[in-house]
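Colleague: Below, each chain spelled out in residue letters.
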Amino acid sequence: MRQLENLYRQIIMDHYKKPRNKGLLDDARYKKEHIKNPSCGDDVTIQTFVEDGIVKDIRHDGTGCSICCSSASVLSTRLKNLPVTEALKISENYINMITNKPYDETIELEDAQAYEGIKDFPARTKCATIAWKAFENTVK
Amino acid sequence: MRQLENLYRQIIMDHYKKPRNKGLLDDARYKKEHIKNPSCGDDVTIQTFVEDGIVKDIRHDGTGCSICCSSASVLSTRLKNLPVTEALKISENYINMITNKPYDETIELEDAQAYEGIKDFPARTKCATIAWKAFENTVK
Amino acid sequence: MDATSFKKDFPALRNTDLVYLDTAASSLTPTSVIKQMNEYYEHYPVNVHRGVYKLSFRATEMYEAARNTIAEFIGATFEETVFTRGASSALNLVASAYGLTNLKEGDEIIVSELEHHSHILPWQNVAKKTGAKLIYVPLTPAGRITVDNFKHVLSDKTKMVVLTHVSNVMGYETPIENIITLAHAQGAIVSVDAAQSVPHKPVDVKKMDCDFLAFSGHKMCGPTGIGVLYGKKHLLDDLEPIEFGGDMNDNVEKYDAHFKDTPYKFETGTPPIAEAIGLAAAIKYLRSIGFETIYAHENHLKEKALDALEKLEGITVYNPGTDTGIITFNLDGVHPHDAVSFFDEDNIAMRAGHHCAQLVMRFLDVPATLRASFYLYNDEADVNRFIENVKAARAFFTEVGF
Amino acid sequence: MDATSFKKDFPALRNTDLVYLDTAASSLTPTSVIKQMNEYYEHYPVNVHRGVYKLSFRATEMYEAARNTIAEFIGATFEETVFTRGASSALNLVASAYGLTNLKEGDEIIVSELEHHSHILPWQNVAKKTGAKLIYVPLTPAGRITVDNFKHVLSDKTKMVVLTHVSNVMGYETPIENIITLAHAQGAIVSVDAAQSVPHKPVDVKKMDCDFLAFSGHKMCGPTGIGVLYGKKHLLDDLEPIEFGGDMNDNVEKYDAHFKDTPYKFETGTPPIAEAIGLAAAIKYLRSIGFETIYAHENHLKEKALDALEKLEGITVYNPGTDTGIITFNLDGVHPHDAVSFFDEDNIAMRAGHHCAQLVMRFLDVPATLRASFYLYNDEADVNRFIENVKAARAFFTEVGF
Ligand SMILES: Cc1ncc(COP(=O)(O)O)c(C=O)c1O
Ligand SMILES: Cc1ncc(COP(=O)(O)O)c(C=O)c1O
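Residue numbers (the numbering used here), protein chains in the order written: chain G, 38 to 177; chain P, 38 to 177; chain Y, -18 to 383; chain W, -18 to 383.
Treat the hints with care, since some could be wrong.
Using 25 Å as the maximum straight-line C-alpha spacing, the simulated DMTMM-like pairs for lysine to aspartate or glutamate come out as follows [claimed, not checked]:
(1) W:K35 with Y:D(-10)
(2) W:K109 with Y:D(-10)
(3) Y:K110 with W:D218
(4) P:K73 with W:D313
(5) Y:K188 with Y:D219
(6) W:K265 with W:E60
Computed far set for chain W versus chain P, every beta-carbon distance over 10 Å [what the hints assert, rightly or not]:
(7) F(-13)
(8) K(-11)
(9) M43
(10) S136
(11) G168
(12) K188
(13) K214
(14) E234
(15) P301
(16) G302
Hints are computed from structural coordinates only; laboratory data are not their basis.
All C-beta atoms in this analysis are idealised placements derived from N, C-alpha and C, irrespective of residue type, glycine included.
Throw the hints in and build the complete structure from the sequences for me.
Modeller: Here you go:
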């Protein structure tokens, strides 16, 4: 049984095939961040609308592998409507999990937990974190 | 007994301290060749006057180590008044001896034979050949 | 040729089931090359040219003998063989030292979409700085450069022809000799990127009659940190150096200096000594096997792989007519980055991405591809593992819903 | 410190009576560095950045970890640490990328006669191309750069200060921190040649506040084929790359391309991977001993040698006040090339020549000199052999009639 099977689980494939919150808006209230991974061509843009310290909306667009594209969708569902501080804490925790650093397992990652298997594919950690890093830059 | 003692024999030191045919002439009949060894600063100029296929005169000047300076003087005494073809043959033979290549031992090198010990100092072969190469360029 | 016998020459292939199919990026390193560099570091790890003691003399002799080996290998002379940091650096030297000073507004530079970034970006810079124009050879539908298409863009404005010998994505060989003849008839100068040809087939620069040619050590069993620029003597004589300093001059005054002749005027500072010696050892290794053997072997493996791939559904091969051991393909609907992890899990090392050739990706109209490239150390078992994995990957990605 | 214990770390010093006194040209290579490079070539000899399989990931991690090690070692950040072919190449990068575009007619560049050719020739080129003027700091009679003398040439026309940290001939340390403060007060940019300081003493670029600084791997127990350029982030951000191609861009169109941020925009093509990894291993090795220990040890040997030399007749030491392990001298009336063969015969490796510093030779008014330089692997026995040989050489050359 390949570890890749662990990774490409229902959740990831679901978000890859049917991305949520996809497509950018032409709305000045949104802050936009574009990140590219030139070595593989992953290309993600995250748009965030923050009001009163709350992440009111997250949009995303881009091209790339299934891990990269799906993770943008997953983060948009997980972090929407959270206070910025909490969203950042979850993001930090997620990135730590992916990059094999200590992380707080009590923080509920929900669908984002599905990416845990990336640990076994260190060459792919960038794919799984690029959207989250873009998100962080939109609210920092 | 150091091999260096072999090398710095009477002949070499004699030509080094009392160089023959030293100093360049301002005479259009002479052909001039200037060679530098930039890595050590050896700097030799050879001037040759050829008439009717005979090397009528050889002059030299320059700065450098004892091997380099003395060999210019030695060559000027050895090759003067010889036919160009013979001078070139002796020069070729000398350079072959210095660089550890097969050479005709029957050709009389006279004072130039003193440089045979250079074989044991491969890092110094350039010093012993630079003047001879300059000479060859003046008559080729 | 029995490639299994060569596998043992490569430490990275010992005690492992690795199938290495990324030679077009970097080849593996044979023991003889590692040993030769170790000999330098263990016995005479000193500087060249400037020392007059025994160790330094030995280092200098080995370094310059390496240059002779390499020169002779490509049919060049000592003076025409310049050591650089790599192919990219060598190709840049041509653009900076020749292109920036010899081209002007209105001149045309013929290039192609098959070029590696290292052979197109330097000339974009030349075009911007000088006002010369980049002219792209139209490619055939299959993506090839042909003599006919070259004729369409060649004109009396053509001053420079900048083409790859073998494409690192399509594996096509450019009909470079004919192109060079035509270019020279127009008085144009030709720069050839031979990074993907020199490691795989005999290249004779005099026969080819190119003006400049470049390649890297690390793609031909040699070390990193070294490349070679060949240039015709009279062209190199005329070029100004672009880096200045120790060892490339013979007389230095406060406000002026006099430079040495080629190749030294292009090699300032301490050169890549171990690397040059290592590259010469790599050439010796490759020659001991023979380039005809290597080329035939790669070709055989490539044909076998292509035959098998063509029988599979849901696989697109972009270069079925490849002339070399390079196969570029995709699993339909599967991003190559997803695919490559599947292969990696079975210890098959393969490239996914744009291969530093984004213009080829645009031509193929894909964001990225997979690329498998074969070399002497691959064997039929590797091809079989590769094909089995393509099948399994195809099934897996279909099943999970791609 | 007991240097004999270090000799065993250097294969070139095993089973030999070699006394190696040419570290200022190139240091010897310790086993740990050779091993680390062999590990790369034997286990993951593949390209970086572009691969997404395990081996390539490992190579990339090791390569970038090396950059971090080196950055941290000099107090820089990752982005400020650019890999080059060597110190010469790094110093040229500053002149080409910064000098050629930022200087203009009437601007002044302060340089010194103590500079290595690699730090003066690139600026001669800048001066010629831009019309800026080279201004030499007057040296003291001993040959030193002082803050006072620097003040005499500093003016509001000074746009660039180009000075060595430690002279490779005189062994003097430039009062660089004070000079940098003064230069910055005038708005000038400072390029420091640290090829002879970084291998021997802790250098902190932030404390020094230099704008650019360069050094080589091969003078600090590392491999050939690698050097480092440090530049302040905002300066590197503003510089245009001078080599273009693979890996230094993120988007390539037919007529235009977009470049990556520093350090990558300065590193086109396959980088010196094994070399970077080897250099990091060298730094680890040197740190495991400690720079204070190394500096104190070199200093002790140098003092011992100087004391002995001063007692001898017919020897001229040109830098009795040397701050480092470098001693430059001659046997009176004996050309250094004659002298050096004497030492070589007893297997003492020493430099004779102009040391790529002809302006220093002119200052000293000699065609060439001998140079002995000490490093951690030298010991008192080496000093004794050296001094005994100086005496014997003196006697020999006198006797044969020099
Ligand atoms: C002071 C100084 N600067 C620059 C260099 C040039 O270094 P490299 O030859 O490694 O490029 C050297 C070494 O020769 C040196 O001693
Ligand atoms: C066709 C081609 N040209 C140039 C290069 C650049 O070579 P390097 O990365 O060794 O500078 C490569 C390799 O990446 C290549 O495949």
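Colleague: All hints, please: hold or fail.
Modeller: Taking the hints in turn, this is what the structure says about them:
Between K35 of chain W and D(-10) of chain Y, the direct Cα distance comes to roughly 22 Å. Compliance with the 25 Å bound is thereby established for this hinted pair. Distance check on the hinted pair: K109 of chain W and D(-10) of chain Y sit about 52 Å apart at the alpha-carbon level, beyond 25 Å; violated. Our distance criterion of 25 Å between C-alpha atoms is met by K110 of chain Y and D218 of chain W, whose separation comes to about 20 Å. For the hint pairing K73 of chain P with D313 of chain W, the CA-to-CA distance comes to about 23 Å; that is within 25 Å, so the pair holds.
The hinted pair formed by K188 of chain Y and D219 of chain Y meets the criterion: a straight-line CA distance of about 22 Å does not exceed 25 Å. Restraint check for K265 of chain W and E60 of chain W: the C-alpha separation of about 21 Å stays at or below 25 Å, so the hint holds. Its beta-carbon lying about 27 Å from the closest one in chain P, F(-13) of chain W satisfies the requirement of being farther than 10 Å from that chain. Against the 10 Å criterion, K(-11) of chain W stays outside the reach of chain P, whose nearest CB is about 28 Å from its own CB.
Residue-level check passed: M43 of chain W sits 36 Å from the nearest beta carbon of chain P, beyond 10 Å. Against the 10 Å criterion, S136 of chain W stays outside the reach of chain P, whose nearest CB is about 35 Å from its own CB. The beta carbon of G168 of chain W is kept farther than 10 Å from every beta carbon of chain P, the shortest such distance being approximately 38 Å. Under the 10 Å C-beta cut-off, the non-interface status given to K188 of chain W relative to chain P holds; the minimum distance is some 37 Å.
The Cβ of K214 of chain W sits about 39 Å from the closest Cβ of chain P, beyond the 10 Å cut-off, so the non-interface label holds. Distance to chain P confirms E234 of chain W as a non-interface residue, since its nearest Cβ pair spans about 46 Å, more than 10 Å. The Cβ of P301 of chain W lies farther than 10 Å from every Cβ of chain P, with a closest approach of about 23 Å, so its non-interface assignment holds. Once the 10 Å rule is applied to beta carbons, G302 of chain W is consistent with being away from chain P; the minimum gap is 25 Å.
The structure shown violates just one earlier hint, number 2.
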